[in-house]
Amino acid sequence: MKHKSLSQSQQDNLAGHLFIAPQFIGFLLFVAIPIITVIVFSFQDRNLLTGKWEWIGLDNYTFMFTRDPYFYKVIGNSLVFSFGLIAMNVSLALFLALVLYRNIQGMVFFRTLFFSPVVTSTVAWVLVWSFMLQGEQGTINQFLKLVGVQGPKWLSSPEWAMFSVIFVRVIKNVGLNMVILISALKDVPHEMIEAAKVDGATTWQYIRKIIIPLIAPTILLVVIITLIGSMNVFDHIMLLTAGGPSNSTLVLSYYVYYQAFLTNEIGYASALAVVLFIVILGLTFLQWNMRKKWVYYEQ
Amino acid sequence: MSNKPHHQLKLLPKWFRRFLFYLGLLLLAIPFIFPFWWMATSSFKTYKEIFAYPPALFPEEWHFENFITAFTYQPFAKQYFNSLYIALLVTVGVLIISSLSGYAFARIDFKGRNFFFILLLSSLMMPPEVTIIPNYLIMNKLGWTDTHLPLIVIPILGSGGVFTTFMMRQFFITIPKDMEDAAKIDGLGWWGIFWKIGLPLAKAPLAAVAIITFLNSWNSYLEPLIYLSDSSKYTLPLALTGYIDAYGAPMWSVQMAATTLSVLPVLIFFILAQQQVVESFAMSGVKG
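Heads up: the sequence lines are chains A and B, in that order.
Be aware that the first sequence starts at 0, since it is given in numbering that gives the first Met the number 0, and climbs by one per residue.
Be aware that the second sequence starts at 0, since it is given in numbering that gives the first Met the number 0, and climbs by one per residue.
Simulated from the structure, these hints should not be mistaken for lab results.
Treat the hints loosely; a few may be bogus.
Unchecked claim - Distance condition first, Cα-Cα at most 16 Å in a straight line; then the derived EDC-like pairs of lysine to aspartate or glutamate:
no.: 1; chain 1: A; residue 1: K208; chain 2: A; residue 2: D198
no.: 2; chain 1: B; residue 1: K183; chain 2: A; residue 2: D11
no.: 3; chain 1: B; residue 1: K176; chain 2: A; residue 2: D11
no.: 4; chain 1: B; residue 1: K110; chain 2: A; residue 2: D11
no.: 5; chain 1: A; residue 1: K51; chain 2: A; residue 2: E264
no.: 6; chain 1: B; residue 1: K202; chain 2: B; residue 2: E278
no.: 7; chain 1: A; residue 1: K185; chain 2: B; residue 2: E278
no.: 8; chain 1: B; residue 1: K195; chain 2: B; residue 2: E179
no.: 9; chain 1: B; residue 1: K195; chain 2: B; residue 2: D180
no.: 10; chain 1: B; residue 1: K195; chain 2: B; residue 2: D177
no.: 11; chain 1: B; residue 1: K77; chain 2: B; residue 2: E64
no.: 12; chain 1: B; residue 1: K183; chain 2: B; residue 2: D108
Model the full assembly from the supplied sequences, consistent with the hints where possible.
If you want it as structure tokens, here you go:
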């Protein structure tokens, strides 16, 4: 064997570096270098079409924070979207998980139903919903009319558009959080529930006092995953509202695309992408630390 | 769910409580299931019937021509094939890269392991919007825009594969060390241990990685939107948005027919391999 001449630690180093080499080279080319480039571009005035550029120092950032008429609106919308999404998604997921985690008849069937939008392509899902929610004569409003209710313009009124986007997104993805919570609930020791029942606790009491605290780390994890996922909402915004009406659904990921590929201001778009990058990076490490704690908690 | 209604509910006969429980679940399932129903039935309706009041749960007449139009209005068959072959290539590539790299991070004690790990970790959840501008310029320089190469190369080598590497690593960490030691005594190097011991044990996480990666590629929208301009090169999600008439209005029934055709195989696969698919996603969420 040719490796016999190498010491064990030399073998380990060689094998380890060769094993990660394809991924690491890819990481350098398509993640690390692009991120550095985005940071560099964020100090330039650069146009996508003409390719012309010049150094402008911090101008993109000062414009962003002091003069861009949309930036604070974008940040506000992104916060409303993220927190609205988390509140609706996590509470619905928790409710579904509590109802469906037991091994009683039909639960697997219902889990499948609630999960099926997760595997469906976002574009297909969003197209169907934009069809059903459109204008005054969309499907949903037609059905509401049957029971004598005049529904709002779900996607084209500033008051309802954000809610509609969040709703469509929650129904699409809640199944994922549901199965994560179900797997946590299945790990709750059965004796604890039995003991609580013997003590005469009501369903609500043992859910609140026993089950929720036991799966709290998973709930937190689900919150963080949903928060990070909420930054990645381009498909929904693009196809449901395109940021409108009156910019009421203009969020950060869509705004990056808008500045880069619709107005061709890739210098400024890069500065926005840097902001997005910093937010995601912070959340990723937060999640990683919590995941470690969660694993620790399990042992 | 306070005490009182709880007890009032208990007064009802057991079969009736059970009936109410399942009825409640069915009502709750409507927003999840109805879109599929409406998508499928609308694809058989005429344009007029789509907006008819009162809305009809079944088409009055079954119009199959929407499906034919879906194929003639755009090169839909070609677009379908594009999505399929791109997703397959990306899946194979990610399986190779993620299993190798995940294995090394889990089992091999090499120099700089933690450094490389943290570096990769930083792009674990990176949305494509962050790097899309430079990636677009790079692809443009290489002359790869309006080809499928960016849709194949970037998901395999870029941040898309990082997530699945973590899934593989989390699995490989759980293999008992004595299995490796025995193999080392038999004179196997790291490649042999990976190939003969690691991979055969990793069927479940490999299947999970394959399912997640395939669906991600099959469903991706931003990247094709930015890289492709020739409609015969489109992938399905982009193609679905292309059923627009000369006045810029969506051709809803044709669009729904095409959407049905794109969603159907995935749904059938999901129903057949339901357990496996759900577990794959749960694995990616909890352990990623």
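We went through each hint and held it up to the structure:
Only pairs whose Cα atoms come within 16 Å are accepted, and K208/A paired with D198/A is accepted, the gap being roughly 13 Å. As the CA atoms of K183/B and D11/A are separated by approximately 12 Å, the hinted pair is consistent with the 16 Å bound. Only pairs whose Cα atoms come within 16 Å are accepted, and K176/B paired with D11/A is accepted, the gap being roughly 15 Å. Distance restraint check for K110/B and D11/A: the Cα-Cα separation of roughly 8 Å lies within the 16 Å cut-off, and the hinted pair is therefore satisfied.
Distance check on the hinted pair: K51/A and E264/A sit about 11 Å apart at the alpha-carbon level, within 16 Å; holds. For a cut-off of 16 Å, the pair hint linking K202/B to E278/B stands: about 13 Å separates their Cα positions. For the proposed pair K185/A and E278/B, the alpha carbon gap of about 13 Å is at most 16 Å, so the pair holds. At most 16 Å may separate the alpha-carbon atoms for a hinted pair to count; K195/B and E179/B meet this at roughly 10 Å.
A C-alpha spacing of about 13 Å is found between K195/B and D180/B, which places the hinted pair at or below 16 Å, so the restraint holds. Among the hinted pairs, K195/B with D177/B is consistent with the structure: their alpha-carbon atoms are about 14 Å apart, no more than 16 Å. Distance restraint check for K77/B and E64/B: the Cα-Cα separation of roughly 19 Å exceeds the 16 Å cut-off, and the hinted pair is therefore not satisfied. Pair hint K183/B plus D108/B holds up; C-alpha atoms about 15 Å apart against a cutoff of 16 Å.
The structure does not agree with numbered hint 11 stated previously, though it agrees with all others.
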